[in-house]
Amino acid sequence: MKLPLAGQSRPWRSVEELQSPPAPSRELGPAEPPSRREVLQLLGASAALATMGGCLKPPDEKILPYTKQPPEVTPGNPLHYATCSTLDGRATGLLVTASEGRPTKVEGSPEHPSSKGGIGVLEQAQLLSLYDPQRLKVVQYKSELRSWRDFLATMIAKSRVLRDRRGEGLRFLMEPSSSPLIAHLRQRLLEVYPRARFSSWSAIPLQQIHDGAQLAFGSAYETRIDLSRAQAVASLDADFLSAMPGNARPMKDWAARRVPPNMARLYAVEAHLSVTGMNADHRLRLKPSQVHRFGLALLGRLVPRHAALAKRFSFSAEELRFADVLARDLQRAGAGAAVLVGARQPPVLHAAMHAINAALGSSVVSQAKPVLHEMDAGPRALRVLAEEMRRGAVDTLIMTAYNPVYGATSDINFAMALSQVNTSVYRTLYADETAERAGWVLPAAHPLESWGDARAHDGTISFQQPLIAPLYAGVSEAEMLAALFGEGDRTAYTQLREFWQARVPELGRFDLTWEKWIADGFIPGTAVKAESPAVNHDAVLAEAMKVPPAEKPGLEINVVADTKVLDGRFGNNGWLQELPDPVTKLTWENAALLSPATAAELGVEQGDLVDLTLRGPPARAPVVIAPGHADGAVTVAIGYGRRSDAETLCKGIGFDTSTLRHSDLPWFAPGLALVATGRKARLAQTQQHHSMEGRIIAVSAALPKLRETEEMLEEQRGAPLSFHRPWDYSKGYRWGMAIDLSRCTGCSSCVVACQAENNVPVVGKDRVWRSREMHWLRVDRYFLGEDAANPGVVFQPLMCVHCESAPCEYVCPVNATVHSDEGLNEMVYNRCVGTRYCSNNCPYKVRRFNFFSYTSEYSDQEKMAFNPDVTVRSRGVMEKCTYCVQRIERARIHSRVEGREIRDGEIQTACQQACPADAIVFGDLNDSGSRVSRLLSSERRYDLLHELGTRPRTGYLARVMNPNPELA
Amino acid sequence: MAESALQARRELDPLPLIEGRHDDGTLNKTLLDYVWQRPQPGWLTLFFIGMGGTGLLLAGIAVTLAKGIGMWGNNIPVAWAFGIINFVWWIGIGHAGTLISAILLLFQQKWRTSINRFAEAMTLFAVMQAGLFPVLHLGRPWFAYWLFPYPSTNSIWPQFKSPLMWDVFAVSTYFTTSLLFWYLGLIPDLASLRDASAKRSTRFIYGVFAIGWRGSARHWHHYKIAYLLLAGLATPLVLSVHTIVSWDFALSILPGWHTTIFPPYFVAGAVFSGFAMVLTLMVPARRFLKLKHVITLRHLEAMSKVMLLTGLIVAYGYLMEHFIAWYSGDEFESHVFFQTRARGPYRGIYYLMIFCNIVVPQSFWFPWARRNVFYLWIASVLINVGMWCERFVIVVTSLHQDFIPANWAMYYPTWVDFSLLFGTIAFFGTLFLLFLKYLPAVAATELKELRHELEHEWLEGAKR
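Residue numbers (the numbering used here), protein chains in the order written: chain U, 1 to 968; chain D, 1 to 464.
For reference, chain D alone in the conformation it holds in the complex (with noise of 0.2 Å):
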């Protein structure tokens, strides 16, 4: 009797954030150790396919530059196409990071130690990559300078009612605190990278980005003060940055961008994105490094349950889209919603959208979904694809049936969007391998408090 209610307890318990029992010690070596081994075949195979892939996006850029955008498939009426999908789809990806560095450390969810590294990395190299589709995209990319507010000669200042302007600074505001977030996290960690190397070389360069950090008191106070000011300061930036990229669209008159409803919803795509990136690219990850202790089951099942949470958000945005368009009984809205989504000549990215974004997340009512971790990288593909399908409907449906009927015209991709779509996947790809090969994937420091705590709690616990 004692015996099975303490089965049925166990079962309740939520599963464990570390597996097996460690110490400093092996923590330490799981965590960091795979920094000093050489590259395996895995890992260089990937890498110069992604080197590969790399290559597509510069000549995509180098074509893109040399002869001007019109190799790109954009026209008029959709003159904006891959460039803003893309731009939007990747500073959507990067919302994961902030959030679960930031918002979940002010609510001190535990779980979030495992992982926020990996997140932030992942943030930036997603806004590296966003952030060269707005340049590309213009017509004369040599002079994006403009977009800053600079005291040039000729005495124009950039137009501040613009929504693009406030992208400059949204975007650059975000990525810069994303940097020194990341960059703030990793500096124990490089500190004991430093400690830990073997030869002069990597002491030398890992001693360097470590900046004279020697773990005192001292150092830790001023690091948590930072810590928690820098999580104070990024929070709200995970909700202005997709906000303010929703007003690209949201402050235009154009039916299907013109939507009140654009900034939460747009907000909880992002993160939604976001969460589904982390794990496409963690399910990997923590198995090829060896991190399933300290990325376990509990950690993928909270991630499954935001994206549960954001893809309920998102698919009730598209309920109020279609139902405001329909309540309002505005000509032009309806025939967005109702007819060119619907019905046009785009619909089947439409339906793929609505069964990536809304059908594929409601599996994660169910425990054996959020557990089955092939499972969950299908899935986090597919919201992935959806989500990148439902900037498609947003950007080039809207644009490509407008007011006025003669004006209608289809949009036709070019090799060079698609290089470009690709390219940009690949870098991201070949940034992460390099950030897992030579830094730690995971924040050691903070795991090792978080075992100190654990134990600490499992302790009290026993105590009492």
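In isolation and in its complexed conformation, chain U is listed as follows (with noise of 0.2 Å):
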């Protein structure tokens, strides 16, 4: 390319260079002032360059480290930032580690009111995303490949038009969010283009809490949560104990309440088994139509002036009874009391948890404004949206929201009115289902790329600031929506910074107030005040008459929103991909969950092919076995069976659901039927075998049998008799772990957070087929009982136990695992051979190998999510649990320095830290007074596989699950 520098008598070297054409170089200045017309050249060009620059080089915004703010960033020391997660609109807190500028860490923030430390899967794995090379890089406009000006062009002459129309035929779309500068940006968009609608749309159900509270209060209004006062909670499908987005705070609280003697009680009324129906005292299995009947039979025992609803509806008598005596134990309870509804249900039982929280005077739960813009976001106001764009009504359409062609229920066929529409723009992260079939398609920044601000889920501002630069051209949601008023070259740090500082009434004192803000995350003190509106009970008793008495015969279908990949948007990581589902350990898939009984009835076993079908053509799914299930109806999980060809790594995996749901019942419908394919399919499920065989293993006992239980575990701990003297632990550290199977709701967070801190690789569904995934962490989960169709469920994380007397040290030809003096089973990477003896000779197998060269098979983008403290493993290699023997050190190093002990509590392993239920306590076993040896000096200590004599290092507290003594 000619420079329009390069001048005209240029120096040479050689004859060759002198013919040559001109290559551009630093050396060669210019021979004389450029004209006018190059200075505009020039001026323009740096304009273009300063524009899309600010994508390419570190940006000049001043981010803040979280609490350690050293004069200048040391290599090798990372750095923790706070900054949010919005994956529900609302804010959680995060605290994410940067190493070398890069996050390699994502953890819950300890202050921030949503996480209080604790973290979802989702939040964790959003890092692996950020490093994803199939995102889209650039701005395409129909495929092809444009610049952010190109847009900004456009923009400007399409707002030129818009605005002569206010607005007419201007619509968004956009993702549900809680951000007072979004906010505001609609409003100023409202004030140019008055005509424009704004709608939101997710898959996750938002419509029904809105509708629900709209019955019993006449107004918008969101159920706030508060566990730690609870006493007695009945869940009706509500699943506050998965490790989804806002369920941190919840889990927190609850976990708390499950400690004996003084503990809450659970009851779950669902159709699938959940991870909250796992955790449940009791649990009744009801078929999906019958959920809202069963809640609004319990309003009608609790207030009496809906007593007409107790007898209304038709149940058997253990339901009934389960019904009489969860009333009588919520009546009970009082102010302890809860009922929780779950998102999907019908928005008529909402207004009945109303009714019925209000009639017990709970204070575990309390209503607030809600924090989302728009609560209305679900099928119907997309369909609103649909009609018109189909109408050709919609000129411009502003996408921000996930991906609606794909999770469009089938009947609104949004791809179709996508087509009418003459300009869409569409803010993507992949290009995706919907990026195919819009016009401008932005790519988006990361999360961890972006700034921005949002609520949190009792309403603290929270502030979300970058870790990285945009590795490609993303740009945020602040940007794109200010490039239609002309303001595209403002970034979204300007408007934010500018946004918050016309909000403080001390200019002077801004610069100050604005740091802390960002270091810390957010502003404390700004929770939405909670409020308690009257319920009008006559509504919700209106409308509960006017619920059938009885459900339809037949087979049922229940959506549910993946625990792992959520709506679908997070189908191309590998860390979601492969975590096994907390309840069905299934990975790299979505499967057809049927009860035992139901799978009897239609002839179909495990694994089988089936075709689904629903007022519509057939979804192929395979059949997973699922006690706890209801009789009559089939699960399946929304997010898979993806098309798009940006994301290969979810591209045909699992089934799409959306040709089973239809926008007036997206999330169960009667009169789905069942056939059988003849065909097999190959289920990559991590556990195979879900009876503990009478063993002891996960211990699980009721409240009132604990004291024998204790009793019986008093031989399960201790050191085992032996020939040889033990090595002496006295001096020093004796680390060690306590796992409160109390406090753990199987939730899997722990299985991310290892899997981020300890670079352990995703090795694909094949591999995981065959029994080879990688996780050093897993949770396992065992049912009890006889009743194959109802189940209890007890589970076990479990990684390496650190036996001090270890099976899988003596057996290592090569010295590869041995014992350090604190007591840690080493593995020596360098010095493995791979024999796999140890693994053979560990009882727990808990060791992983390393089958393939599984690092090697990383982009180069991927491996900036490593922790750079931690090696990588090579092909033929064994590896497990270290205890985070990096973070280990990393504590002796500072207390070193500052000639000390390290403290208690100062090493967090990483399962420790991200686990939202404080499950798992890890310190030094030689301070009688620190958190782990008080914990494992409990009556409810034991030691998996006493009997053997390993001595583990890690202790398991008993569960003890708190029955009702009137439904024994």
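Hints in this document: simulated from the structure, not taken from any laboratory. Note that the structure is a prediction, hence the values are computed from the model and not measured.
Label-pair ranges, simulated between beta-carbon atoms: (1) G607(U) x Y150(D): 49 to 59 Å; (2) G652(U) x T176(D): 48 to 58 Å; (3) Y150(D) x G652(U): 50 to 60 Å; (4) G607(U) x E331(D): 28 to 38 Å.
Where a beta carbon is used, it is the ideal one built from N, C-alpha and C, also for glycine.
Using the supplied hints, reconstruct the complex from the two chains, each of which is provided in its own coordinate frame.
Here it is, written out as structure tokens:
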């Protein structure tokens, strides 16, 4: 390319150089001052470069480290920054570790009200998505590469036309958001384009919550829960104990209420076995269509003026007894009682919940104005928009909602509607199904690359700060919206800062305030006030009386949001695809979940491929027999069966449920047909056996029988007899871990935390099918009891227990696994030749083997997610949990520098840090005052496989259940 | 009356060790002459099949080395599978050679003479196959030398507590001793071949390997002493090698492996399978190489009896394992023996093992079974299959369901696993074919000596 500045008289060193075309060179300055024309050319070029350059060079914006703020970044010392994640539109506080300028670990912010240190699986796995090489990298128009500047130019022209028409035909389809900045931009857009309309869409249910609040209170309210006061909780399909966005805080509060002796009690009424159902003291499985009837019957029992509902619906004697006992227990608990309803449930049940909680005087739940801009963000709103689009009433559609073409129910046919729109703009992380059909497609800046704000679940204003300059030409939502009123050159940082500056009265001190906000990640004391609106009982009763007394017979479908890929947006994330589902332990796909009885009735078995049909073309799904599932129903998860070519990891994995869903009944519907195809699928489940075979493994005891269990456990702990004199560990540190099964909900957040911290590779479906998954930490799930239809469930996180007398060590022929003097069972990767004898001799089977060179399968971008403190392992090497030895060593360095001992709590293993339920505690066993020592001296403590004499350093605390004697 | 008594006497007499009347000349001719003949079409066909199979082995090895151990079906919990099964199986097969050569020599069993060379060669080739697997099954086979105690710059020694370490010594010692023993026995016959060579090249080659044997009294004196010493050295190895191999399992804590009966039961099993393999190879070889006059029914019968005895020891081993599992009351062990093995997903292999290793040898109580060559061959093949199944049951079945039920998983072999198994069988066969073609399969010198002894005995008897 010929530079405008290449002068006419250029010096030359050889004849070839003289004759060759001039090459750009820094040595050659301008021979004469540039002409006016050239100056203008340069100005234009540099302006263009500056616009695009924002994406290519480090930002000039100042981001602020969390607590420790060294004068400069020391290589090798990671920094921690507070930011937030807004997966459900509300902010969950994050604390992100950045190593040498790149984020390497996402953890829960210990201060933020929505996390309090705990964190779900999706927020953690966002890190891997950041480095996904398949993300959309450049602006596209109808699949052709364009620049951000091209887009701005188009928008300037477009906005002129739209302004003239006062925004007629301008529609926005937004990702649900609580951001004050976005609210402000929306307001400004409406001022410029008064006839424009905003709607939000999310495949995750919100619409029913909105309608329920409307019905009960006459206006929009959101329910807040504070489970720290809970005494008896009834969950009607509310899965508040799974590691989904927004659940970190409820889990933390609930776990504290599950420690004996003063325990809260949990009842679950649901169709499919959920994480919450697995933790329930009493669980009633009902067909999906019966759950809300049950809730109404409960309302009839608890609130006298609704007494007509008590006997209106037909239930079996057993179910009625459950309802009676539950009602009595809730009444006894009074202010400590709460009924929680799953977001998918019909509005009438939400309204009934409000009525019950109000009548009980529950202090567990309270109401507050919603923090989301639109709560009515479901298929109904999308349908209205799609109708408009089909009518041709939409000229310009701006989309930031996640993938409506894929996620919309089939009857909306959003893809078709989209083709009727003149100009469509879609901001997305991937060139997904919607991007394939949209006009302008803008690469989204990843949440870890962008500035922003949002409100937490209680309304606390939270900030998002970038951990890295956008890797690709990503734009944030605010930047894209600003482009519509000609401010496309204003970065999100400028917008955010100016927006907040305008809201701080003392202008002079803004810098200090701002820095504190950003460093903390939130503004304390900005929660939305709780209210107690009056329940309109008449409206609720009238609506409830419209519910027919009996359900339609026949097979029903039960659609759930996936605990791993959510609505499909995490499909291309290997950590999540390979994370075993907490309930079914299935990886890399979704399945049709059936109860054993229904499967037998339909003549299908585990792994059979079946065609599911409901008012449309069939979906082909593999069958998973799910104990605890309601009879006469099939549960399927959304988010799979993706079709876009850009996302190769999830393309064609699992099946798409959209043909089974319709906007009138998106979550539950009768009339499902299931036909076996006679073919079989290979299911990659990480656990193939679900019974403990009567062994003492994951101990669970009912509270009244706790004493007996503790006596039984006395034989399951302590040093067993041995010929050998045990090693003396009494000097120095003696690391150990306690896992409280009573707190653990089996949510699997720890599994992802471990994977992220320890560079644990993803291996793929075939290899999981071959039982070669690499997770150092797994959560074993066992079914209890004789009743396969409705079994009890207990789970046990299991990683290397660091035996003091380790069976793996003496069998290694090359000394590759040895013991440290602090009691760690160490794995020397460099020395390992891979005989795998150690794994054979490990009774816990917690060692993982690199059957292939897994880490070399990672792309260069993905390698940026690696924790620099942890070695990546080569092919043919054994690996396993190290008790996060890198964290121990870092703490040791700090303590030595400061000339002190390592304090209790200073070292948190990755699993411990992520656990929203505080079920895992690590520390020094030589310090009798440490948390871990105190926990391990509990009467509930036992050593796994104690009789083998391995003397594990990890001790378990038996789970305690709190059953209601009336239901025993 | 006298004649019928003589008849009865003859029936009670053991079958002859050498059939027909022979002198040194005819023995030399029948035992060594085929070395000079052109390869027959049958031999060539088998050889090419063997080479094809060896190609499969090489492909399996190449894939394993290039891609990693993941090309096999192994997983966690079943971290050992075909590799170790094949290793133990081949090592077991390699037991017959030493037993026949050394122990039977020390016990002065005359019938060993016709078959010892054969059995020793088989041992050697079987141990070669076995030796492949411990290296191949490593995650990083290029560091296999770390298992040897050599003075390394990183001053780490192997871990002497590990049975795998002992394995390295046991197997390498065993291989060395077997090789020396076999070679030592070959020397006089190599000299015979050298002397009978028609071509310079063969005379040179056999001459080099005959290391100057002239058959002087001094040579014979040294030879006999060395042979006896080696026999004495090899005898404990028969017991030690498989004992140590069994410790790979018995010293672990895995139910199904952690069993004190393993050493004797493994040794018996090894001899059992070794004899079966000798029979499998000998039955066709004695026919095609026209060796029926020196490898007679008497030999076959003696071997069947050894198999019956060792088979019974193996059966006792099975019984004891189950008894102790029940008697100990250990829930994990009971589960392995009464649930996993007998009723688990791999029960087919378990029952095949019971049939082949316990039921089939019981037929050797009956003379018709011991003297029917075709039946013997079928039975010996079945016993080899059964012994492979036994190792599968021990290795895979015990591993796939151990202490914590959440660990349990199925193991499915891949094409590479099968290529390595069948490839080693083919490679073994190829080596054996080469041996049969270019070396005397029967120890001619020893047989000539035996003939003399027998003649002497007969004369002594006649005198009396």
